[in-house]
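Listed below are the residues making up each chain.
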Amino acid sequence: MTEPTDSDSEMPTFPFPWTTRPDAGALDALLAGTCQPEEAPAELRAVAEVFGALRAPADRREVVGWDQALITYRGMTGLPETPGRSHRRRPRRRATPLGTKLAAAAGVAVVAVLSGGVAAAYTGHLPGTLQNIAHHTIAAPAVRANRAVPTPTPNGAVHPVGPSATASAVYGLCRAYQRAGEHGKAAQHSVAFHNLVTAAGGADQVAAYCAKIEHPGQANPSASAPGRRVGQSGAPGHSNHHPQNQPTPTPTKTKKQHGGGNGHGNQSP
Amino acid sequence: MIGKDFAAVLAAAQHRDEAAFAALWHDGQPALLRYLTVIAPDTAEDIAAETWTQVVRGLAKFRGDEQHWRAWLFTIARRRVIDQGRRQMRRPSISLDTQPELTLAELPALQSPDAADVALENLDTRAAIAVIAQLPPMQAEVIMLRVVAGLDTETVAQLLGRSPGAIRVAAHRGLHRLAGLLAEAGVTR
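Chains A and B, in that order, give the protein sequences.
Quick note on numbering: the first sequence equals residues 1028 to 1296 in the numbering used here.
Quick note on numbering: the second sequence equals residues 2 to 190 in the numbering used here.
So that you can see chain A by itself, here it is in the shape it has in the complex (with noise of 0.2 Å):
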């Protein structure tokens, strides 16, 4: 952790801003970036504030790639590449965990729409962080802090609430049940529609229901339309900042950030 004391002589010319040299720790912190720019010492300021500068949110530019990853993905995942086209080469094609919990919640034309967990990611189904980073890039609704859980039952069985239809979700379960009534009701009568059909008051007031309710995008002037919003908040670096107030699923726990390791997992490609 210590700094060779050769370096001054290999520049003696150049023109150190400070006397007195900020000792190593101060200097790891800035690279870790385990300190903010305020807390930086005087003459390291101006290099905590690049360092910030590079680790701001994405840029809208930098997500254009998205499509053609997304593309990459769906091919070499057997996925179909496009879901409107997709029934017609694979029409037996497997979901993912995810997308059968969507089709069987909202109905396959969603899926066909809003493939596998996308879908799922609008009527927020997702686990709390990736809620959370998919309302970051592709405007789903956040996670929600009084977001609907399953409920215990007196003999200790769990039943699926789905997700609230008061809260910013409504606008995905609305077009999901849009959907799933244009192919067939029986759809519509699944757990993710029964809050939806309660706050609306009645199955037949779901479509006056859903006519009042904004696009989340509208609600939100830096939002725009699904599938085109990239991460705005989502710092490339370490700003480890999604809001974790759901439980999630984590099959093991990871280690720690700054742990070591070999650089190159375990995998052979």
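Calculated from the structure, these hints are not laboratory results.
Nothing here was measured: the structure is a model prediction, and the numbers come from that model.
Take a look, some chain B residues computed to stay more than 12 Å from chain A by CB distance:
1) ASP84
2) GLN85
3) GLN89
Stretch-level coverage of chain A by chain B, calculated; a stretch enters the list once three of its residues show a Cβ under 8 Å from a Cβ in chain B:
4) 1056–1064
5) 1098–1106
All residues carry an ideal CB built from backbone N, CA and C; glycine is no exception.
We have chain A; now place chain B onto it with these hints.
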């Protein structure tokens, strides 16, 4: 960084969950592109796309935590840069390892005020990348891997094939030089 849910997100992405892959991509892409803008400014976007193609190809076999994931991502990107440099016999990429005296600031792409304009509208970030690109290549790359990629010293050392001590030296020299550049430019806080 995705954080404590990384394992769940990774597992979902490995099982063809598009939303999970979207989370991985949107978390990694901006950092990847900024890093590539410094070490391969002319082809950063193309190499980023190639990197993700290779990531998807090996995704099912990947095992590791988020630090390993990021190391893997940036290792692939760096190898693509070097491979492309070998193919095209272009100095910028090859010089990363073999010509430490050549500064990235000497590259034509970085002599323009719009050097970092390839993928950024954020003026502060663009300016920050441009000033980092003024550093000697080794120092610039180490700082980008530590600050933007979020990798620790040991991981950067393995990625670059150097000792941890050499990485610390490069990082600290880079910090000193960066502070000097900013002072010369009258940037003080």
